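If you read the protein sequences in the order shown, they are chains G and D. Letter 59 of the first sequence, counting from 1, is numbered 58 in numbering that gives the first Met the number 0, and no numbers are missing. Letter 18 of the second sequence, counting from 1, is numbered 17 in numbering that gives the first Met the number 0, and no numbers are missing.
Treat the hints with care, since some could be wrong.
[Said to hold, decoys possible] To spell it out: a stretch of chain D is covered by chain G in this simulated footprint if at least three of its residues, at any positions, have a beta carbon under 8 Å from a beta carbon of chain G; those stretches are:
(1) 3-14
(2) 23-37
(3) 40-54
(4) 57-66
Just so you know, the hints here were simulated from the structure itself, not pulled from any lab data. Computed from a predicted model, the values in this text were never measured in an experiment. All C-beta atoms, glycine included, are put in the ideal place defined by N, C-alpha and C.
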Amino acid sequence: MKYIDEFRDGDIARKISARLAEEVQPERQYSFMEFCGGHTHAISRYGIAGMLPPNVRMVHGPGCPVCVLPIGRIDLAIKLALEFGVIVCTYGDTMRVPASNSLSLVKAKARGGDIRMVYSAADALEVARQNPEREVVFFAIGFETTTPPTALAIRDAQRAQLKNFSVLCCHVLTPSAITHILESPEVRQYGTVPIDGFVGPAHVSIVIGSQPYEHFSDEYRKPVVIAGFEPLDVMQAVLMLVRQVNEGRAEVENEFSRVVSRGGNLQAQALVSEIFELRTTFEWRGLGEVPYSALKIRPSYAQFDAECRFDLSYQPVADNKACECGAILRGVKKPTDCKIFGTVCTPENPVGSCMVSSEGACAAHYSYGRFRDIPVVVESI
Amino acid sequence: MCLAIPAQLVELLPGEQAIVNLGGIRKTISIALIETVEVGDYVIVHVGHAIGKIDPEEAARTLAMFGELAEADNDRVSPSTKAAA
Ligand code: SF4
Numbered sequence: 000m001k002y003i004d005e006f007r008d009g010d011i012a013r014k015i016s017a018r019l020a021e022e023v024q025p026e027r028q029y030s031f032m033e034f035c036g037g038h039t040h041a042i043s044r045y046g047i048a049g050m051l052p053p054n055v056r057m058v059h060g061p062g063c064p065v066c067v068l069p070i071g072r073i074d075l076a077i078k079l080a081l082e083f084g085v086i087v088c089t090y091g092d093t094m095r096v097p098a099s100n101s102l103s104l105v106k107a108k109a110r111g112g113d114i115r116m117v118y119s120a121a122d123a124l125e126v127a128r129q130n131p132e133r134e135v136v137f138f139a140i141g142f143e144t145t146t147p148p149t150a151l152a153i154r155d156a157q158r159a160q161l162k163n164f165s166v167l168c169c170h171v172l173t174p175s176a177i178t179h180i181l182e183s184p185e186v187r188q189y190g191t192v193p194i195d196g197f198v199g200p201a202h203v204s205i206v207i208g209s210q211p212y213e214h215f216s217d218e219y220r221k222p223v224v225i226a227g228f229e230p231l232d233v234m235q236a237v238l239m240l241v242r243q244v245n246e247g248r249a250e251v252e253n254e255f256s257r258v259v260s261r262g263g264n265l266q267a268q269a270l271v272s273e274i275f276e277l278r279t280t281f282e283w284r285g286l287g288e289v290p291y292s293a294l295k296i297r298p299s300y301a302q303f304d305a306e307c308r309f310d311l312s313y314q315p316v317a318d319n320k321a322c323e324c325g326a327i328l329r330g331v332k333k334p335t336d337c338k339i340f341g342t343v344c345t346p347e348n349p350v351g352s353c354m355v356s357s358e359g360a361c362a363a364h365y366s367y368g369r370f371r372d373i374p375v376v377v378e379s380i
Numbered sequence: 000m001c002l003a004i005p006a007q008l009v010e011l012l013p014g015e016q017a018i019v020n021l022g023g024i025r026k027t028i029s030i031a032l033i034e035t036v037e038v039g040d041y042v043i044v045h046v047g048h049a050i051g052k053i054d055p056e057e058a059a060r061t062l063a064m065f066g067e068l069a070e071a072d073n074d075r076v077s078p079s080t081k082a083a084a
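So that you can see chain D by itself, here it is in the shape it has in the complex:
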């Protein structure tokens, strides 16, 4: 029910609509609930609406945090990304 998936915007349409590519499938969604987006952006799609935009830098940072963890087996990493910052 709350599942939502990341999808890439491939075309903007009139009336706050857009087409996303979902693993090869093109689907029309509403972008009325989010601020400015551009073709190429990744958004989180939930029940046919984009509800948020993925920040590629933050995604890379999270992945790097896992990666760092994967390599640095012995020395501690402190990945606390404080929300309250």
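Extracted from the complex, chain G is given alone in its bound form:
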């Protein structure tokens, strides 16, 4: 397919790999965090880690919206379905995330909750139109990429004066999460997570542009290269990061210029700010409470805000003790550091959130990377 296949050419990947090997300084260690789960997925799926020089390490970041959704938020959605009897519509990935009381949205559905998987926010709106006698709540999660479609659904619901539609808004913001990581003790003081630069979000940046990342290069002196999700994009971004580090530069560069501009999609931004405002704080799985890192629905649209409409209050819930998702999301640990990785916790039966979506670090490693960990033993007879 156009704009996909040509960015997956294996020969060119090997050339970029050779170029990287040539340009890295052997005495130096390079660690780059890929913020987005889309990059984590590409790195595992296309074996990119194996094509990088040994002194270049990729650290997985918290950029998978399913992975960072805390248990307490899923509990709210389950409560809406089981206690308030509303129709809960949500994206497929959220259905299997483990919640409290051994429940998940899938299991709540089996217990009689009317929970429906939708492909888009507009589909949830359609469910509301078709069920005027029922309350319909769209459980909205995602970064800046997924927020504009939710905003559009709320605007359309208002225009159509729909009385039975509301949104449980769990939209979160990328730049505040990156700031939080840079401010975290692991990165700042302890040095347990060295970060020399970031592979910046692809699709998030289509919406918000490359400009919001300039703060990281200016203030924290960290290079950022915004990159597409295809394998050549990721490899090229790593090469561009290596060059910045070698030359002592810290700039925002844009490898994904085919869709990302500095200002981003202004039309989508205007709509988002009409419908949403900043929350003072929001809990992320793995990162805890992060100030100004999420959105809520503006008071003028309160009738479409499920939290107001059903008078919900958020209760934080601790993660499963065995699960290392929190440390993985902060880049402190790798999936294989979790004792139950691949045994008790698998994509079929996830214990933690990182095993649910294919963009989660654990699921990506389970699907594509785990055989690399097994040493090949050749026996001669």
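Here the structure of chain G is known, so what remains is to put chain D with the ligand in place on it, guided by the hints.
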């Protein structure tokens, strides 16, 4: 979750909708979130909505940058496409 795919617009429909061709499959999407588009444009589709338009010249430039890299094995190429430009 954040995965989105490039698709070509093949037909504009009323109500800010359009039909895209996704590797042979026709699908109706919303184009309410992007500015003017025409049939033939490639857009990035995410959860049923076009969120951005692909600039064919920039795409060609990025590919050429890889290509150049592929050919010029010995002399350095400096492909920094500065975002802040
Ligand atoms: S393997 Fe499962 S339980 Fe362990 S960190 Fe990953 S998702 Fe969490």
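Consistency of the hints with the structure:
1. For a cut-off of 8 Å, the count of residues in the stretch 3-14 of chain D with a CB near a CB of chain G stands at 4, and the three-residue condition holds.
2. Counting residues of the stretch 23-37 of chain D whose CB lies closer than 8 Å to any CB of chain G gives 5, which reaches the minimum of 3, so the coverage claim holds.
3. Proximity of the stretch 40-54 of chain D to chain G, defined as three or more residues with a beta carbon under 8 Å from a beta carbon of that chain, is established by the 11 residues found.
4. Coverage of the stretch 57-66 of chain D by chain G holds [criterion: at least 3 residues with CB-CB distance below 8 Å; count 8].
Going through the hint list in order, the structure satisfies each hint without exception.
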